[in-house]
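Visitor: Here is how the chains run, residue by residue.
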Amino acid sequence: MLQFTRFRTAIILLICLAGALVALPNLFSKETLKSWPSFLPTKQMPLGLDLQGGAHLLLAMDQDEIKKDWLNNLRDESRKVLRDAKIGFAGIGAQGLSQLVIKLAKPEQRDAAMKALQKVRQPVGNALLGTGVYDVDISEGSDAGTIILKESDQGLRQRIANAASASIETINRRVNNLGTSESTIVRQGTDRILIQFPGLKDTKELKKLIGETAKLTFHEVHPSMSADEAKMTSIPTGYKIYPSDQSEGGGEYLLREQPVVQGADLADAQPGFDSRTGEPVINFRFNQIGARKFGNFTKDHVGRPFAIVLDDKVISAPVIREPILGGSGQISGNFTVEGTNTLAVQLRSGSLPTKLTIVEERTVGPSLGADSIADGKRAGIIGGVAVVALTILAYGTFGIFACIGLLVHLVLTVALMTLIGSTLTLPGIAGLVLGVAMAVDANVLIYERIREELRVGKMPVAAIDAGFRRAFVTIADSQLTTLACAIIMFWLGAGPIRGFAVTLTIGIMTSIFASVTVVRLLIANWLKAQPKGRVTTVPV
Amino acid sequence: MLMRLLPVFKGVDFFPHDLNLPFMKFKGPALALSIVAMLISIALCATLGLNYGVDFKGGSLVELRTKSGNADISALRDKLNGLGLGNVQIQEFGTPDDVLVRLEEQPGGELAQQAALKKVTDATSSGYTERRVEVVGPAVSSELRMTGFIAVAAGILAIVTYVWFRFEWQFALGAVVALSHDVLVTAGIFAFFRFEFDLSTVAALLTILGYSVNDTVVVSDRIRENLRKFKKMDLNELLNLSINETLSRTILTGMTALAVLLALYIFGGEVIRNFNLAMLLGVLIGTYSSVFIAAPLLGYLGVKRDWSDAAAKSVAASAKTKAKA
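Just so you know, the protein sequences line up as chains A and B, in that order. With the numbering used here, letter number 32 in the first sequence gets 626, and the count goes up by one each step, no holes. With the numbering used here, letter number 64 in the second sequence gets 246, and the count goes up by one each step, no holes.
Worth flagging that the hints you see were computed from the coordinates, not collected in a lab. Misleading hints may appear alongside valid ones.
Restricting the straight-line Cα-Cα distance to at most 27 angstroms, the calculated cross-link-like pairs of lysine-lysine (DSSO-like) are [claimed, not checked]:
{"no.": "1", "chain 1": "B", "residue 1": "LYS486", "chain 2": "A", "residue 2": "LYS971"}
{"no.": "2", "chain 1": "A", "residue 1": "LYS697", "chain 2": "A", "residue 2": "LYS661"}
{"no.": "3", "chain 1": "A", "residue 1": "LYS709", "chain 2": "A", "residue 2": "LYS680"}
{"no.": "4", "chain 1": "A", "residue 1": "LYS802", "chain 2": "B", "residue 2": "LYS261"}
Sample of chain B residues at the chain A side, in silico, Cβ under 7 angstroms [claimed, not checked]:
{"no.": "5", "residue": "LYS192"}
{"no.": "6", "residue": "PRO289"}
{"no.": "7", "residue": "GLU292"}
{"no.": "8", "residue": "ARG313"}
{"no.": "9", "residue": "GLU316"}
{"no.": "10", "residue": "ALA335"}
{"no.": "11", "residue": "ALA336"}
{"no.": "12", "residue": "ASP403"}
{"no.": "13", "residue": "LEU429"}
{"no.": "14", "residue": "ARG431"}
{"no.": "15", "residue": "THR432"}
{"no.": "16", "residue": "ILE433"}
{"no.": "17", "residue": "ALA439"}
{"no.": "18", "residue": "ALA441"}
{"no.": "19", "residue": "PHE449"}
{"no.": "20", "residue": "GLY451"}
These stretches of chain B come out as covered by chain A in the derived footprint (C-beta under 8 angstroms, 3 or more residues) [stated by the list, open to error]:
{"no.": "21", "stretch": "194 to 207"}
{"no.": "22", "stretch": "224 to 234"}
{"no.": "23", "stretch": "261 to 272"}
{"no.": "24", "stretch": "337 to 347"}
{"no.": "25", "stretch": "362 to 376"}
{"no.": "26", "stretch": "412 to 422"}
Every residue gets a Cβ at the ideal spot worked out from N, C-alpha and C, and that includes glycine.
Turn these sequences into a full structure, and let the hints guide you.
Guide: Right, here's the structure in full:
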């Protein structure tokens, strides 16, 4: 146990050296690192949001809204397909949020209708494997002449996944306007999106940017009937009552549900000021398709009002004075300058597929982060000094070896964390310090064992050898159980806890090498260095 | 070369090794005490309940720092209580210019939490800067609570499986009782003193599990070794010997852990004080439980006495086939 070949010694020293080299950049500031020669590593452990400050927002998508949108689309498509196939139907109604019931005019046309309706469904999943799963299940209803279109689980899952990736893209575009800092936006679970934004001081702007879906649509206003009249009698088919924005006076409008032009046809939107009144407005421009649609519409409706609707609320309903053929225009509402800035960004970056609600928010200001680092450093140094003092007091010269082992342990842990890019959090610092205290346990086990062997009268070298060998089983057992805990913490934990678990896991892995192998190498060398190779007393 | 420069000196072997303290004599009272402590803890958690933090209860937490001078907490209290946000807790946090404001979960789902937060921000923005904001909505808090409990249960289960695999079922049973004791009593103390119980407390509990089982495994290893060495020794005597033999290690490791944790608790800052407190308590309780519960329980449960190499080999072989299967 106490023999080390030159080769093994070299490998051990090499590992320590490499570890020190990788860990080194963490001691310096980013500016200093820039001036380093290029062959030296300059990668640092990334700091968690709790240490460098920043925002963490967990958003939830509205699944019901996704389902509702999809059901609406499905209804429109089915209507079109049946019309094209010349199959008459009495009605298409939504049942809950997951299925449509189609009632045919002639029950005997059911088979033909079901065949035609196959066009509305789409295969889900791997196109290559062709699993034969569709996003819509088409089945016969229990009543004669009815057909049920029901969304399949796979279809729903895919739709939510699509909505999530579309949301992430849109958020990315919107957030890019906030600055250059590297934010990460990822999907979490099925219907959640996590935004992490290091260095962000104020979340107000961020929340405003993601707070609205910004679905902009242009609608035709009903030529003769007002919303109040429609409420009294009945709402004409294809029309719907829209509330207006508070600033518009809070009235209601009866608008055609199918929009003339949608926000997706916008090519640009910029904040600006009205040349006559000086109030803040949004200047927009359509793409070619949008410009043509809007041009045709305004040509046919001169002298009549149309409505600009944002997120299902009418923000203004101007009267068309002349055809707008150039494809650009102006939206005025009761905007503030700030409001037009945000809205312009939202319109430019496209609308979100669904409304997002903030379900969890954690923001740490940069000053608190800096304080936490300082506190962690101070506590770590004091704790470390306490461990070193106790160890040397209790184990003398061998205690010094143990402390060198602890240093190696710390360096290697930091090096590994740097290599895998694991984030250092505040609990992570605690884990690092605690890891040192637990690593020293290995040495305590070994040294207590050596003392025991000496007490029963073993010769020094034999006692040291037996101490290492006997204690090793125990060390391995105890480390493995702690490892089990750490892995569970990582698996279940979120955010800061995960950081702590990673630190703990790496600490366990390095502690066997540092506290056992390195210390054994030191002791073996110490034995060799004794005069004439004779050891009379063991300094433990 | 370098080695010769090192001062050669012995450490202080402060621990009297021939004490042979009669732990097993106290196994009855100690066990009774532990069971009572566990029952009281369960009762405390059931009646008083744990003082859940924002993570588990939902609601908001805002840490504020005054722009100048000390915080006027009573003025702040008057101001925030006037906002109609239910019970608003305000306390000094670490230094006189730092304040921690806690809002309970607002009725009305996720949006209501954000609206409440905005009210607080607007009301305090003139005199204070925000250092930290945590808002956890009802959906997330119930999920986190669930994961927290699953994590602790899974931690105990994983450890017990390992101990069972490496030793015998009696050892595993001793470990599970000791670990449950540690978790329950720590939780009981948290409930009694109304310390905040949140995600970081769960992390601390998991670490305590790891630490406590460390102690238990060290003693168990020694018991197994002594079972091989002294085939005829009375079990109680043997357990007592094993505990005593490992006692110097138990205490020294405990002391280093406590030293570090104390340093972290005192100097580590306000944000993770709770975490460090849970760890401190847990290390004390965990050390107690491995000495007074895990090993003495074996005296009641009894263990296999034939630990000869032949028997060990057959166990190892069956373990291997188990692992392969």
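Visitor: If a hint holds in the structure, say so; if it doesn't, say that too.
Guide: Status of each hint after checking the structure:
Of the pairs offered as hints, the one joining LYS486(B) and LYS971(A) is violated, with about 49 angstroms between alpha carbons and a cut-off of 27 angstroms exceeded. Proximity of LYS697(A) to LYS661(A) is assessed by CA-CA distance (about 21 angstroms); at most 27 angstroms being required, the pair is judged to hold. In summary, the hint linking LYS709(A) to LYS680(A) is supported, as the alpha carbons are separated by about 13 angstroms, within the 27 angstroms threshold. Distance hint between LYS802(A) and LYS261(B) is fulfilled; the C-alpha atoms sit about 26 angstroms from each other, no more than 27 angstroms.
Contact between LYS192(B) and chain A, as hinted, is supported at the beta carbon level, the nearest pair being about 5 angstroms apart and thus within 7 angstroms. Taken as an interface hint, PRO289(B) does not check out: its beta carbon lies about 16 angstroms from the nearest beta carbon of chain A, beyond 7 angstroms. A least Cβ separation of about 4 angstroms between GLU292(B) and chain A falls short of the 7 angstroms threshold, and the interface hint therefore holds. A least Cβ separation of about 4 angstroms between ARG313(B) and chain A falls short of the 7 angstroms threshold, and the interface hint therefore holds.
The beta carbon of GLU316(B) is positioned within 7 angstroms of a beta carbon in chain A (closest approach about 5 angstroms), and the interface hint is therefore held. At its closest, the beta carbon of ALA335(B) sits 10 angstroms from a beta carbon of chain A; the interface hint therefore is violated under the 7 angstroms criterion. Look at ALA336(B): its Cβ gets to within about 5 angstroms of chain A, closer than 7 angstroms, so that hint holds up. Contact between ASP403(B) and chain A, as hinted, is supported at the beta carbon level, the nearest pair being about 4 angstroms apart and thus within 7 angstroms.
Annotation: interface hint on LEU429(B) violated; nearest CB of chain A at approximately 10 angstroms, more than 7 angstroms. Interface restraint check: ARG431(B) against chain A, minimum CB-CB distance 5 angstroms, threshold 7 angstroms, status holds. Using the Cβ-Cβ criterion of 7 angstroms, the hint placing THR432(B) at the interface with chain A is not satisfied: the shortest such distance is roughly 9 angstroms. Taking 7 angstroms as the C-beta cut-off, the interface hint given for ILE433(B) is violated, the closest approach to chain A being about 10 angstroms.
With its C-beta approaching chain A no nearer than about 5 angstroms, ALA439(B) sits inside the 7 angstroms limit, and its interface hint holds. About 4 angstroms separates the beta-carbon of ALA441(B) from the nearest beta-carbon of chain A, less than 7 angstroms, and the hint is met. Hint status for PHE449(B): holds, given a least beta-carbon distance of 4 angstroms to chain A, under 7 angstroms. Interface hint at GLY451(B): satisfied, since its Cβ lies 3 angstroms from the closest Cβ of chain A, which is below the 7 angstroms cut-off.
Check on the stretch 194 to 207 of chain B: 4 of its residues sit with their Cβ under 8 angstroms from a Cβ of chain A, so the three-residue criterion for coverage holds. With a cut-off of 8 angstroms between beta carbons, the stretch 224 to 234 of chain B has 0 residues touching chain A; three or more are needed, and the interface restraint is violated. Only when three residues or more bring their CB closer than 8 angstroms to a CB of chain A does the claim for the stretch 261 to 272 of chain B stand; here the count is 0, and the claim is violated. Given a C-beta distance limit of less than 8 angstroms, the hint that chain A covers the stretch 337 to 347 of chain B holds, as 5 residues qualify and 3 suffice.
Residues of the stretch 362 to 376 of chain B lying with their CB closer than 8 angstroms to a CB of chain A number 0, which falls below the three-residue condition for coverage. Coverage of a stretch by a chain is defined here by at least three residues with a beta carbon nearer than 8 angstroms to that chain's beta carbons; for the stretch 412 to 422 of chain B and chain A the count is 0, and the condition is violated.
When each numbered hint is compared with the structure, violations occur for hints 1, 6, 10, 13, 15, 16, 22, 23, 25 and 26.
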